[in-house]
Structure formats: structure tokens, C-alpha cells
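Novice: As a plain string of letters, each chain reads:
Protein chains: 6
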Amino acid sequence: MFKHDKQLLAEVKVERPNPTYATMLQEQLGGPHGELKAAMQYICQSFRIKNPEIKDVFLDIAAEEMSHMEMVATAINLLNGHDPTATSATVGSIESHILSGLNPMLTNASGELWTAAYVNVTGDLPADLLSNIAAEQRAKVVYEYLHRQINDKYVRQMIDFLLNREEAHNTMFRECFQKIQDTGSNRDWGIDQNARLYFDLSTPGNYVGTQLHGPTPPSFNNPQNPPQQ
Amino acid sequence: MFKHDKQLLAEVKVERPNPTYATMLQEQLGGPHGELKAAMQYICQSFRIKNPEIKDVFLDIAAEEMSHMEMVATAINLLNGHDPTATSATVGSIESHILSGLNPMLTNASGELWTAAYVNVTGDLPADLLSNIAAEQRAKVVYEYLHRQINDKYVRQMIDFLLNREEAHNTMFRECFQKIQDTGSNRDWGIDQNARLYFDLSTPGNYVGTQLHGPTPPSFNNPQNPPQQ
Amino acid sequence: MFKHDKQLLAEVKVERPNPTYATMLQEQLGGPHGELKAAMQYICQSFRIKNPEIKDVFLDIAAEEMSHMEMVATAINLLNGHDPTATSATVGSIESHILSGLNPMLTNASGELWTAAYVNVTGDLPADLLSNIAAEQRAKVVYEYLHRQINDKYVRQMIDFLLNREEAHNTMFRECFQKIQDTGSNRDWGIDQNARLYFDLSTPGNYVGTQLHGPTPPSFNNPQNPPQQ
Amino acid sequence: MFKHDKQLLAEVKVERPNPTYATMLQEQLGGPHGELKAAMQYICQSFRIKNPEIKDVFLDIAAEEMSHMEMVATAINLLNGHDPTATSATVGSIESHILSGLNPMLTNASGELWTAAYVNVTGDLPADLLSNIAAEQRAKVVYEYLHRQINDKYVRQMIDFLLNREEAHNTMFRECFQKIQDTGSNRDWGIDQNARLYFDLSTPGNYVGTQLHGPTPPSFNNPQNPPQQ
Amino acid sequence: MFKHDKQLLAEVKVERPNPTYATMLQEQLGGPHGELKAAMQYICQSFRIKNPEIKDVFLDIAAEEMSHMEMVATAINLLNGHDPTATSATVGSIESHILSGLNPMLTNASGELWTAAYVNVTGDLPADLLSNIAAEQRAKVVYEYLHRQINDKYVRQMIDFLLNREEAHNTMFRECFQKIQDTGSNRDWGIDQNARLYFDLSTPGNYVGTQLHGPTPPSFNNPQNPPQQ
Amino acid sequence: MFKHDKQLLAEVKVERPNPTYATMLQEQLGGPHGELKAAMQYICQSFRIKNPEIKDVFLDIAAEEMSHMEMVATAINLLNGHDPTATSATVGSIESHILSGLNPMLTNASGELWTAAYVNVTGDLPADLLSNIAAEQRAKVVYEYLHRQINDKYVRQMIDFLLNREEAHNTMFRECFQKIQDTGSNRDWGIDQNARLYFDLSTPGNYVGTQLHGPTPPSFNNPQNPPQQ
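Chains as they are written, first to last, in UniProt numbering: chain P, 1 to 229; chain G, 1 to 229; chain F, 1 to 229; chain U, 1 to 229; chain W, 1 to 229; chain X, 1 to 229.
Since the hints were made in silico from the structure, they are not lab data.
Any given hint could turn out to be false.
Just so you know, same-sequence chains aren't split out, so a pair can sit in one copy or run between any two.
Below, in silico cross-link-like pairs of lysine-lysine (DSS-like), each with a Cα-Cα straight-line distance of 27 Å or less [what the hints assert, rightly or not]:
1. Lys55 to Lys6
2. Lys153 to Lys179
3. Lys6 to Lys179
So that you can see chain P by itself, here it is in the shape it has in the complex (with noise of 0.2 Å):
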């Protein structure tokens, strides 16, 4: 069951109105690195979770990332203030001066709607686990560049915030894929040489890794006579 408590997680306030940037902040609201893709992709992973102590890492996380999502929100309607001058944005999309009337919305800075094509879910917990340490990291690098493009003290402060909850969620996935990272998917699966081969398929350059390599270099590493079933 979800319940919802008036006070924001954080308190949200700006220095002033100021609709460009109103637009950019909406692609945390509702772009593929941002928090309502962050909340569903954890909602929807915990369906299936079994081990108790994950699914509630998952929870506890995306509620907060729904919270997240209030709070950029919260700061998306203060920046639009009241003046409904669809020019009075100079870049980005338009929307919420002629469609929704200064209402955040569920698209990016450019007006592109969100999709659940934005959420990945495999029921394998490894490969989810990964996939959130990266989506942790992706929220994390927009929130630098937004944060290079405002100078709103009360904004910068939010930013801030979020960045850091960011790190912290990266942390606890961490800590869970430590815990299961002999499962599902990272059991072996019948490796064979096939998954020690490089294939140098762009030239000139030629990346010389040592773990893939082993001790012995594979024998075959020739695009041009590529390995027969």
C-alpha cells in the first residue's frame, strides 16, 4: 500500500521564477534518467523479489524516488511562476505554457513523453541490480549539468540534495549485489572460449586487455576467419 504525507521529504524553495530553467528541471521529472523512471523501475522489479531484506531496499528506495519526484515537481511549479507567456521560456519546450496552464509534466526538457520504455526489468536480480547502479549514476550526471545551469541558491540546494540521495541509493545497491552476486544470472552458464575471444572488428587500433586475455593470448583473435560452430 502507498500513502502520501503532505510534507515534502525536503523542503523545496526558489529564489525567484524562472521558466527556462523550469524546463530544463523537467527532464528529472519525467526523462529516462529521472525520478519517475527511477520509482517505477524499482516498484516494478520488487513485484517478484523473494529475498525479503532486498525487496525492502527496493521499496524503501522507491518511495523515496517517488518523494524525489514530488519534491522536483514542488520546484518545476515554483520556477514556472504565474506569468503564462509561452516566450517567456527561451529554450526547451513550450508545453506547459499552452497545454498544461504552468503544470509540471511527465516529459523531458524537450517535450518528449515519458515511456516505460525507459524501465528495465529481467526478474534476474544481478542484471537488475546492475541496471539501478547505472541508472543511480546516469541521475547523477544530470543533476551536474543542471546544476551548472542555475545559479538559484535554493535550487542549487535541492540539487545538492537529490545528487547526494543519488550516491546513497548507488551505495545500497551496491551493498545488495555484493550480497547476490553468485545468483541467477552471474551463476555460470556454461562459458566457454567463445567468451575469452576479441574480435579487433574497428582499425587502425588495437585494445590490449589483460583480464580478458588470461595468461595466454586466445589463439584465434582474426575477424576475418571468425569461429565455426
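Take the given structure of chain P and dock chains G, F, U, W and X to it, following the hints.
Specialist: Just chains G, F, U, W and X, lined up with the frame of chain P:
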């Protein structure tokens, strides 16, 4: 802030696994009239509502729709069972067998990914309430269709519960609409005689409304001579 | 059968080209509450309607929405002018400058492609009529937003005309709804006490409805103890 | 202005209901080469055409494609029959059983929602006509595929009619192309020797064209030494 | 097998960074008539072609389109420069500033994500070749539009090169079409008199074609009395 | 520059046609964890990489994923066989029977069109590498699911090969990550105490991590009293 309680809003169980029906039920998880759509529409609309009572209703219902989503997903999960054979579901999407490991997904029954294009947000309270009244009615219709497709008594009980709840939400949104119906887009916005014309553009057949025409029929109702501004 | 008459439903002209406003007006050609959506929704719903009078209303309005679409596109075309400079439109999509040669497109103001996800069809007349009433209200709201963004008197006249026509359609759909409101999904479908409960899931704040609770308040309204089926 | 005549462009009937084939036929209602796509493409292209004769052809055909859409939808409706059992259609989308109440929908045979991404509009008449010639050919191919999947003689008659009409449209677009082929993007736009080179990038195999190379083969056709501007 | 050569197919450089034009050029990386679309369409069509010569042409061109995609992306990358300020691009999508770190993306100029809905594959060689001839023409038109929007001489040289190459591909596809034009969907498939009718559904205006009507005008060309099967 | 070699990267054959399995295998041609997605993600990310060794790895792998895509498509083509009966595939999309003439398509197993929403590109190397490690793991999981659904020994050999290659790519991306892990978004970006808090938002259940809390548990972990900036 959103919080999660591991107790479901209402108990969910199934008589036996039924992968074909699991696929059908996906319609109310990730389809256009499903629970995710309802939750997202009401949360999103609430962001800019100023009237605290009405904002409360929207968020009460939004949190409940999130909880319904969890119930529907739980039922899908149980109906999917443990047989990973893709051909066990004879109609509908097979994604849960080859992509998500039997995990519920954010798609409709045919595998179409959920999109924010389903969500209607205008920033105008009368319009948003009318959208919600219509949305609840459509959700009810889909649950009626789904009810006919299964005999599992527990699944039917869950559908009965959800259907009744949509009815309750419908009632609540109608009450809100009564309160605010003379505000926003419902205020007179300079309606002129064009709002009382009837264009008979599909022939044969001539709609005779009473309220539209008023006591005096409009002098013009002929599409051959359209109105000149 | 559909036929086309080269005379527009109502005259369309503009004071002067205005590529920025042309982009905004795209919202009502290819956006979620635009004319194409309305036309498609009503045509599609009409396919299975048996009541000849109501089928007639749907098709009268659908043909008119097609005719509105033509008017909006004609206005966009005039507003686009003849200057192929992409930077002449300072906000919104630039697709018409680099992709369509200043031709109106089936996208919204931000360039999002029109999708049938905007169209609601349930095969149930009460639900479809409620969808249409809500859709007309949303269309009206968007025209009000667009009206504020331009001073061109001819464009404003066109918007006034279209806005009044949405009002007329709204009236017609409401009249239809009166006639069939006890059919389809509006028939009593075994509503039980769950339809009269109120779950207070967002706190603080406690919605107090009158119609919902009835003379005797429900004995259960505590989400901590959800109903057991 | 668009008008609707309740008489179909050509009679539509079926020998008996066939929900599986109804699903297949959805391909030509809401698929990429279906009737809605054709209608939308020609209407949209016509908005900016100045040549009145060619504009007339586009709109004659567009209105006919709208009328075909109505015929295809009528056939789907009859084939869907009255049995709301989702498993009665053994392949393809089940949306019409659980979402639309057996109403035809704006999707293809797999339930993918129609999108304006199918529509090609460039504002350049030679390019648009070539797009239309190709679109008519693809529509014909899909009708040929669909013809093979059913024995119902009335459905086959309808397909024969539609297929012949695509052929007629193809002829009409080709005639238009003859008339304007030296305009727009077909005018010489500074073609240089790069337009006569042949890059043999897939090996082995060496395409030997006659028109391309001319009497003297180009001195350069080696991708190892790409042209330097 | 695909291989990559780090040398570009043709040199790409720019006079100076130009983030606004970088956004416009995205149209030919991830738009409907861009290089990715062309590459994907020809690769995909080639999978079932049996004629080895024609398969070779499709794959030669597909590999070249992949190489064009790389050139366009390289130009976008240079035009994006190193200034991460979102407002430096005054029109079009701002995603590259806040989402991709100035990396080229698989979107069009308005940020619409690339979709396989752009790709036409029918398994019928005449239809596929006509699709490709039209696609090359549209690509040429977009390059002409883009050429007008910039003065950077190196970017113009690149566009000239690409435009000439589309012309070459057009020629090659036309030659292929000559060779196979009596096969597949171009074989006589039982065309009857319906293919020679002309329905005058848009009035006023009466298209007079010569080839279509033949020496004797069809006895039926009145939409009021549609053909009865 | 990309080049194509008509020899496949590894031999592909099938014991016998199997249209149902052909549909399933579409998941790895045009699905979210399929070969096209992998190829596009790595090509796109490579555009802005400066480190030549890492750029080489990305392009080696990208070219190989293109080659895998060709292998998967070849297998689908053989499995589709020559029977154009739409009902021969009993589950999954029927598009290949009625739209593409048994040609492989850029869709997943349910007919959902491939979308660039699947592609993650951030311009930040640590984030992109984590995305790729996760993507390879998900691809491996889907191949494991697909392996279970078929007995055809040659198809299983192909899946074994591809699965092993994803494992190799995973190893290569991990090695790259080791080398650059202290750069970009992984540099300390002003992490504060908020990164070490744990919000217990789903109850009951209390995740106890070790690394997150450190030697001293955070003084705050109560969502009732959220942090104040």
C-alpha cells in the same frame, strides 16, 4: 512524501496460475485506463492545485491508485506462476516469458509500453475533474470486460473490489466538480451564437437536440453556407 | 463515405506571418487535445454505435472536427509565411523549417508526433460520452491558453469560433449522455459497500464528502486496516 | 470542409464472424501502410500545395482513403462479431476484447498504436509524390498478404476493390509526377562528380550498374581512399 | 559481418562551433529522413533478398549510410563545441546540453527519439525499391533545407557531399527497379475496372488525367452512386 | 567508416523452420536488450570519447553487435520459413506474416517498434560504462530465457555463441571501467552527510547495510522528520 506499507490495500490471491489471464490483466497495470495511468494523472494534476480540500482528495485517490497498481501486479505475478514456457500464454504479449522473467511489466495486454500520452493535465480544475470522471468510467468498463474473461473466484473478488473503488473515486470527483463548477474554464468566456449552431455534416440523419437549439432554432444550420466571421 | 469541399467551414486569415505563433498553434493540429484527436476519437467510437440518432451526432461532430483541423492547418500555413529561416521561430519545434518546408505537421508545439494513445474508445456509450465531454473541455482550455499568446485579430477570431464550436459539441454530447445514462457501464453492476468507503491515504487533510458517506459514515475508513475480501 | 455520407463508398459484408481475421485486418486500419496513414499523409501534404489541379487530386484521394478507412473498420466490426471472449482471436492483439469492447481501434494487427511517424511530408512536391507512389505500392502489398489469409468471399471482394483503388491512386500520382518532375528538389542542385561514384563497401560482390557509371567508369571507387572535399 | 574503419568516409570539419546549428543537424542523424533511418531500412530489407546483385547494392548503400551517420555525428560533435550552457542553442532541442553532455543523440532536431516506425520493409522488392527511391529524395530535400540555414563553408561542403551521394543512391535504386519491375507486387494481380475509375470526392475541382481514364472515360465516376461489388 | 563483409561473424543455421520461435527471437533483434540497441548505444557513446584506447573498444564491440544483429536476423529469416500463413506462429506478433512478407523486422517479440528510448548516452564515461555493463548482463539474461524455449540444436549453438560474446564484452567494459573509475562523475562532487542517510520509507522491514552506515549509524533515519537543507 510517499511511503510504502508492505501490507496490500486488500488481500490478493488466485485459485491457480493462469498465464493467459495474467497477460490480459496487464491491461490494468500498464494500459491506457489502468492503475498507473490513474495514479500518474492525479499526482500530476495535484501539483498546481491551490484548494487544499481538493488537493487532498486528488492525493488520497492517487495514493490509492498506486496501491491498486500494486494489487494488480501482485495478481499478475501469481497468475504468471512459475512455468517459463512462452507458449503457455496463448493470447496476448509474451514479453513476460522472454523479457521480464515472469515479472509484471509496464505494458498493456498486447505489450505496448506505457506512455505519458495517456495522462491528461491541463492546469484547469473543471477540465481536469471531467477528465478524471471519464477516466474512472473507462477503468470501470475495462474491469467489466476483464471480469467476463475469467472464472477464478479470487481474481473476480479483486476485480469487484477495484471496480467498486473506481465507483467511489467517480463519486468523489463528481462532488469536487459540484463545488468548483463555476470556476476556471467553466466561467463564461464570451460564448456567442456560434456555440448554439448545429452543423449537419453527416447525411442522411439530422440530430434534433433540445437544449442546444433553445426556444428559437438558429437561423443558420446549413454547412453549405458556413458562417463568415 | 467522406467528401471534401474546398470551401473552408469558416474563413481563415491572418494579419501577418508569425512563425513563433505558427509553432504554438501546432498544438491544436497535432497535440493531445487538438482537432485531429477529436476527429479520430469520434469517428472511431461511431463504428460500433447502434443507436442511429447518436451515431449521427458523433459523425456530424467528427466531420466538423476534420473541418476544424483544416482551418487550424490553414492558419499555421499562413502564419509560417515564406521565410525558411529556422531561427525565425524563437520557441517551440523547428521541424517545419528543416523537415516539412513550412508545411503544417501532425505534431504538437514541441514536435512530439501525434499518437493514437490520445484516442479513447471503449465500446461503452456512457464512458465514451464522458470521454468526449472531457475532451471538448480540454480543447477549450488549450484554445484559451493560445488566445492569450497572440494579438493578431483574425487569428483571435478563428480561435473564438473554434472555442464556441467546442462548447456546442460539449452541449450535444451532454444531451446524448442524458438520453443513454442508464445503459451500459452505468447500469448497476453489483456495487457493494466498497463503493462507499473513503480511504484517507494522504495526510494531513481529511476530505469530507456528503454524497459519498451517506447518512451513516462507513464503519471502516482506516487504511491501516484495509478491507478483507 | 469535410462532410460525411452514411452510405459506404462500396458495400461491405462478411460471410461470418472471424475474430482472428478481424485482428489481422486491423493492419490496414491503423498500421503503417493502412488507410488512416494514407488519408493523413495526403491531407497533410495538400495544405501547402499551390497548383490547384494537383491539390485537387491529393484531396480527392485523401477523401477516398478516409472512406476506405471506414470500409475497413466496418469489416473489422462485422468480423469481430458479438463474442466478447478474448481467446476467440488466436493470434494478434487482444485489445479489442478487453479494451475497446469489440470496437475497431487505431492500432495495427499487433496492437501497436498508430503514430504520425508513418506520415511523410516534406513540402517538396516531387519528394511527396514519390513518397505517395511508394506508399500506395506498400498498401497494395499488405492487401495481397491479407488476401491470402482468408477465404471469406465478401472480405476478398472488399480487398479486391481496395487493392484496385490503390492501383488507381498510384496511376494518378504517377501522372502528377510526370507534370512536375522538373520542379522543386528535382531541379539540378549543383550535382557534382560525387553523384556518380560507386562505393563498394560490402564485399564480396561488386554491383555493376550501367547508368550510374556511364561509358567511362569512375576513376575512384575504392572506399579505402575516400574522396577528400 | 560489419567492420569499422576509423577513417571517415570523407573529411569532416567546421569553421567554428555553432550549437544552434548542431541541433538542426540532429535532424539528419536521428530524424525520419536521416542517415540512421536509411541505414536501418536497407540493412533490414536486405535480410530476405535472394538476388545476389541486388542484395549487394542494398548492403553497399547501407554500409555507406552508416558511414554518413558517423560523418553527421562528427559534425554535430564539433558544432556543439565545449560550452555546456543550455541557452547557447537558441532553437531546437536542449537535450544535448542537459542529458548527453554535448554528445550527439539519436533524436531529431526537436528531441523526438528515433523510432523504427520510420523504417519501411515489406519483403516485396518493387515496393521496397520505390520506398528507397522516395526516401533518398526526402533525404535530399532535408539536406537542401539544412544547407540554407548555415554559412559555415566546411559544413556546407559536407552537406554537398552527402546530397550528391543520396543522388547516387537514388540512381542505383532506380537501376535496380528497372531490372525487377515485372516481379512481385508489380505482376498483374487481377486488376479490374475499379483500377481505372476516378472518384471526384473533393469539390469543386475535377482532375482530368489521360492515362487513368483511357480512350473511353469510365461510365461511373460519381461518388453519389458508389460501385456495388 | 563502416564496411560490410558478406561472411557472417559465425555460421547460422536451423534444424527446421519454426515461425513461433522466429517471433520470440525478434526480441533480440528489435527489443530493449537486443543487438540493435547494443550497437546503437556503443556507436553513439563513442562519438565524443577522447581516450583512443577506450574509443577503440567501444567501436570494436559496436561493430560486433551489428554483426550479431545480422546473425539474429538470419536465424529469424530461416525460422520464418516460407509459409505465409499468419496462424502458423501461435504466440507473439504476426506482423512478419501480414506486413513484412516474413522479413525480420525492427520490433520486439510483441511487435513493439524499436525506439531510441532504449539507448543510454550521457557523455560521462563512468556512467556510460556502467550502463554498458548492465546492458550486457540484461542481454545475457534474455538469451538465457530464449535458450529455454527451443530445442533446435543449431539455434541453441548460436545463442551459446552470442551469450558468450556478451560475457566477453562485459569483461572488456569492466576493464575499461577499472582504468577510468576516478574520472568524470566518479570524482568527488561534494558528497555530504545526505549521501550516508538511510530513509526507511517502506514498512515493516529495515534494511541494515554495513558500508552505508559506516562505524557510526546516522543520527537521522526517520522519514517523519526529513532533513532540512
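Novice: Reference check for the pair Lys6 and Lys179, CA-CA at most 27 Å: within, between, both, or neither?
Specialist: Between copies, since 22 Å is at most 27 Å while 36 Å is not.
Novice: Reference check for the pair Lys153 and Lys179, CA-CA at most 27 Å: within, between, both, or neither?
Specialist: The answer is neither: 40 Å in one copy and 35 Å across copies each exceed 27 Å.
Novice: If the cut is 27 Å between Cα atoms, do Lys55 and Lys6 qualify within a copy, between copies, both or neither?
Specialist: So Lys55 and Lys6 pass the 27 Å test inside a copy (25 Å) and across (10 Å) alike.
Of the numbered hints listed earlier, the single one contradicted by the structure is hint 2.
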